[in-house]
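**Q** Read off the chains here:
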Amino acid sequence: MLTKTVCFALLAVAMLTADLARLRPAGFKEKLVYGTLLAAIMYLGVVFIARKLEWPNLDTLFDLFNGPAKKLVKSLS
Amino acid sequence: MNQPSSIGSVQMASLFLFFMTGSSIVLVPSPLTHEAGAGAWISLLLAWCMGAVYLACILYLYRKHPDLSLVGSSRLALGKLPANLLMIPVVVLMFWNVAGIVSEIGLFFRSTMLKETPTYVVNSLMFVMISLTARAGIVVIARMSALLLAMMVAFIVVVLLLVWNLYEPDFLLPILPNGMGPVLHAAYIVYGFPYSELIVFAFILPLVRREESHKVRKHLYIALSINGLLLMLSVIGSLMVLGPLTGDLKYSLFQLARLIFVREIIERIESIIGFSLIVGFYFKASILLFILVRTVAEWLNLRDEKLFTLPIAFVCLLLSVTTYTQEASLDEMVNVVWPLLNNLCYVLPMLAVAAVTLVRRQSPPDASRSPE
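Sequence lines, in order, name chains A and W.
Residue numbering for the first sequence follows full-length UniProt numbering, beginning at 1 and increasing consecutively.
Residue numbering for the second sequence follows full-length UniProt numbering, beginning at 1 and increasing consecutively.
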């Protein structure tokens, strides 16, 4: 868990350092989208570090298509 | 949005070839031959034909609106609100598409070269490179692609040549022992990955220099043909060496490289082919990340698209280490669900836009008005 936290923190600091100069003069919409992405990063970061893989994620959404996809494959073969 | 630089049509074709061949040449032979056996080449041919049809569709849209990406074309054809709604599934799928490519790199390393290294370390390092490449822009990516593509193709050809003494043509028969069913199933897999993914190029075709736009059609079809040829050689080569085992061994080209033995001088050269395979993964992910960032910026009318490269890459990295973390679940996702998701999120929106554009072009400008 410690190595995951260090890895996550290093990448986050590097990203913010690299983007700060561009983010300052950006407009409201750009800052809003950037903030939304940061929120997604924080959520997924918690899922990653605390290993809460059962929390809702994109695979939860994609798994809804598992049944129809299996039926389609079965009908093909 | 920043005005991006443009590239030549040959450069676009080389990016297209890299995108279509990059990771698929490593991953495709195994599930293809697992399902279809010696009939894998028929499956590949069927899926390739579907890819050619989709390429014709995106080239039609490009011919009608050479300055517009799929976002712009859909706004023109469907109106702003429906087009914006249509882009939601496209963007969501693209996020996972980038993550999925890097997940596959992580799995490749875990099962071949870096067995003790945590996958998230490999994925993080890959994403640092991928995000910096995508942030550098299309011109840099296109210039890099020429050398790396040549190296990748050369290494693949070298491996296929150096195992010539192990070829057993008998393994290519029987072609259809269980009928067409398994062949169609295999075609479904290879259709989902990589052929239906080519739709994403509809977002960057307007980056081709205007004076070269008339050559794009020819160059992209040549690239698609080379891609089909390389995949076919890889499938047939793997089948002729590994026979029925091809379907059970992942990364068949890597397995072929391990078998190379030429007079005790050239042997165990899998790290060389490993390098070219990793280049393929890396470049495909870089191109797709660039397309994703550009699409998000155009979709949301954002001025500085480079600002979003790193956070989008970070989200993709975290998706790669939090979704489908088990090899079996990732395989099931790619082989079963992915083609359907591609159809729903990439293919259907593109076909809808192409159909509306076609209908609008064919109907006279005042057809909707009732005669007074």
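Keep in mind that the hints were calculated from the coordinates and are not lab data.
Be careful, since some hints might not be right.
[What the hints assert, rightly or not] Derived pair list, reagent style DSS-like, types lysine-lysine, alpha-carbon separation capped at 30 Å:
#1 W:K64 <-> A:K31
#2 A:K31 <-> A:K4
#3 W:K80 <-> A:K74
#4 W:K115 <-> A:K52
#5 A:K29 <-> W:K250
#6 W:K64 <-> W:K306
[As the list claims (entries may be wrong)] What the simulated footprint calls covered on chain W by chain A, stretch by stretch (three residues with Cβ under 8 Å from a Cβ of chain A suffice, anywhere in the stretch; the number is not a length):
#7 160-174
#8 197-210
#9 221-231
#10 295-305
For each residue, glycine too, the CB sits at the ideal point set by N, CA and C.
**Q** Taking 30 Å as the top limit, are the C-alpha atoms of K80 of chain W and K74 of chain A close enough?
**A** Cα-Cα ~39 Å, so violated.
**Q** Against the 30 Å threshold, does the CA-CA distance of K115 of chain W and K52 of chain A hold or violate the hint?
**A** holds (24 Å)
**Q** For the pair supplied as a hint, K64 of chain W and K306 of chain W, is the alpha-carbon distance within the 30 Å limit?
**A** holds (28 Å)
**Q** Regarding the pair K64 of chain W and K31 of chain A, is the alpha-carbon distance no greater than 30 Å?
**A** violated (35 Å)
**Q** For the segment 197-210 of chain W, do three or more residues have a beta carbon lying closer than 8 Å to a beta carbon of chain A?
**A** Since 0 is below three, the answer is violated.
**Q** How does the coverage statement for the segment 295-305 of chain W fare against chain A, requiring three or more residues with Cβ below 8 Å from a Cβ of that chain?
**A** With 6 residues closer than 8 Å to chain A, the segment 295-305 of chain W meets the three-residue bar; holds.
**Q** Is the straight-line distance between the alpha-carbon of K29 of chain A and that of K250 of chain W 30 Å or less?
**A** violated (45 Å)
**Q** Mind taking a look at whether chain A covers the segment 221-231 of chain W? Criterion is 3 or more residues with CB to CB distance under 8 Å.
**A** violated (count 0)
**Q** Please verify the coverage claim for the segment 160-174 of chain W: does it have three or more residues whose C-beta sits within 8 Å of some C-beta in chain A?
**A** violated (count 0)
**Q** Keeping to a limit of 30 Å between CA atoms, is the pair of K31 of chain A and K4 of chain A held or broken?
**A** Distance of about 27 Å is within 30 Å: holds.
Figure legend: structure checked against the earlier numbered hints; hints not met, in rising order: 1, 3, 5, 7, 8, 9.
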